[in-house]
Amino acid sequence: MTTRTPARSRRAAQAPAAEAGPPADELPLIQLLTPEGERIPHPDYPLDLDPEQTRALYRDLVLVRRVDTEGTALQRQGELGLWASLLGQEAAQVGSGRAMRPGDFAFPTYREHGVAWTRAVPPINLLGLFRGVNHGGWDPNEKNFGLYTIVIGSQTLHAVGYAMGIQRDGADDAVIAYFGDGASSQGDVNEAFVFAASYNAPVVFFCQNNQWAISEPTERQSRVPLYRRASGFGFPGLRVDGNDVFACLAVTRAALDRARTGNGPTLIEAYTYRMGAHTTSDDPTRYRGNDEVELWRTRDPIARLRAHLVREGLADDEYFAGIEAEADALAADVRAACLALPDPHPLSMFDYAYSEPHAQVTAERAELAAYLEGFEDEEAAR
Amino acid sequence: MSPVSSGSPVPAVSTAAAGPQPAAPVTLAKALNTGLRRAMERDPKVLLMGEDIGKLGGVFRVTDGLQKDFGEARVIDSPLAESGIIGAAVGLALRGYRPVCEIQFDGFVFPAFDQITTQVAKLYARSLGTVRMPIVIRIPYGGGIGAVEHHSESPEALFAHTAGLRVIACSNPVDGYWMIQQAIESDDPVVFFEPKRRYWDKALLDESAAPTHRFDQAVVVRSGTDLTLAAHGPMVRTCLDAARAAEEEGRSLEVIDLRTISPLDVDTVAASVQRTGRLVVVHEAPVFFGLGAELAAQVTERCFYRLEAPVGRVGGFHTPYPPSRIEETYLPDLDRVLDAVDRAFDH
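Chains as they are written, first to last, in the numbering used here: chain B, 1 to 382; chain S, 1 to 347.
Bound conformation, chain B alone (with noise of 0.2 Å):
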């Protein structure tokens, strides 16, 4: 955190010392996991996972990061027109998203790979987009996970409508809607606070802060902690170790709990680091040193639950090295996949314009086939 003093002494003078809470630089982490791998409890979030489920994170986790990994390569390669790389958010994402169950839903911005993955979205899904074949194209209420959305905070408004449409049913489903830590100046976000509060709505934001919004760092959005904006809307906001899977999925499982239960939205802020680049059209070393990079890189989230397993003699080298070989793997499969993907056809850009018929797309349409058809007839005539 940055100290400003001039500011800081600023709040003091005007702000009864009551409503001022912590000062910036106090960061009450909610931690169950070490960098070093020890787990240690936490009074308010207590997590009993057995070996298995420990194991399966692990798992998780690697296999998140190794399909991101084949995102940059296909992109590098030229398969892929871009690629929004997830590295240094995994734990983040996948402790957030096994901690929903099947029915509630999840909200994304174009970073969630992990969370896709928690949700079983085929990888494969998520590259259609980036490669330039459909903007999204999976219906998102077949695994409850919503479209990749790119304009920034919208999906947050959307993610408290769904919110409202449980509330209606009266069902005991709860939404996430992701974002980060740029998003949390648009006004759609803040809107989607407001309304959340004013309804109730049982909605969890989950705001991944990873310190960056592509060069712009986390202080141009806020001069206080992100997890502090929640309380002038009016209800919780928490800040978790983002690379702490443990810490990321029992705190998110307790606000699902809460909203699910008529208790209303909580904020996350889960502190993380983007260790790569915004997207592949990034450059970071523009803006950011090396030595931030470095300080996170010993903050790893897969690196401290290996040691976590190794410590707890939870897995051995054989398990480590099974897993690996399951990633690259389902990498291959995806790059296979990735290849495969077929160009749509050019008329395909018509079908969902409309769900129901509209003369200017049928016009259109018509026109254009008519009009490519004549390059066929010129082929055919050679």
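No lab work stands behind these hints, which were simulated from the structure alone.
Glycine included, C-beta positions come from ideal geometry on N, C-alpha and C.
Part of the chain B face toward chain S, derived, beta carbon under 10 Å:
1) Asn134
2) Thr149
3) Gly161
4) Ser198
5) Ala201
6) Tyr354
7) Pro357
8) Gln360
Put chain S on the given structure of chain B with help from the hints.
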């Protein structure tokens, strides 16, 4: 979707099941209110959301009494956040609801413009047809009520330019009653413009009569032989007045209520122009890049050799909507319409 519309490409609303009621003159505001009520009675998934639509019944009273009868869960007073209204409607639609959103005034829709154009309009395509967005966005539009800034605009072209949205406008109580129900039954998002200065116009509404047209059809509301006037919403009455005045001068004008802006029912307009040979398009929105330009281009493509004169356009100017003391000069009126008619005949 109600059973009556299944299998039909464009929803056909059923006649009221409540039995025949005597036709009585009602205002447009009341006709819309009754149409909303019928849609809510027919489908429990239909719900209304907007600012001041509950106890107050909306600033124009279009939702008057609906919260009392259908409850706060179905008639939702929203926080004052237009993007929030439309964004929440997207989520409700994903959950299987059919939200009808009220934007209080035309000029207040812009905070929601992002959600409407980047989300509502595109989710059907983004999902390759797996999710639909049966959202209706009601917008009172147009000037002539002596209002302050942002309360008199006609932004229909901005929405018509976005694929994925249907854009329609009612001009009278009978159409208002049917078209709002047809819009709600559509699985596509519909931006539904209501001419605010005509909210208090009255007409006989017979709920037991079937609607005569689909919501994607224009209607010839007055037959004529010499020139076609095409308009929507508030300008339909102005054009009818102009046609009556022209008749006294020996000119027979045909008047088309366009009703639908996206899609545009060019078939009906072109068929009319094939008869009359002249077309003048009238709307309150600025002429520049407006509906008139699109209609002029399409009619010219179809009727080039039949046109006796260039397609005329009458509308607002390329200025911010003026203060109300001079809005009557900005808005097309009977004289400006007839002036354009004269020019078409003088050509």
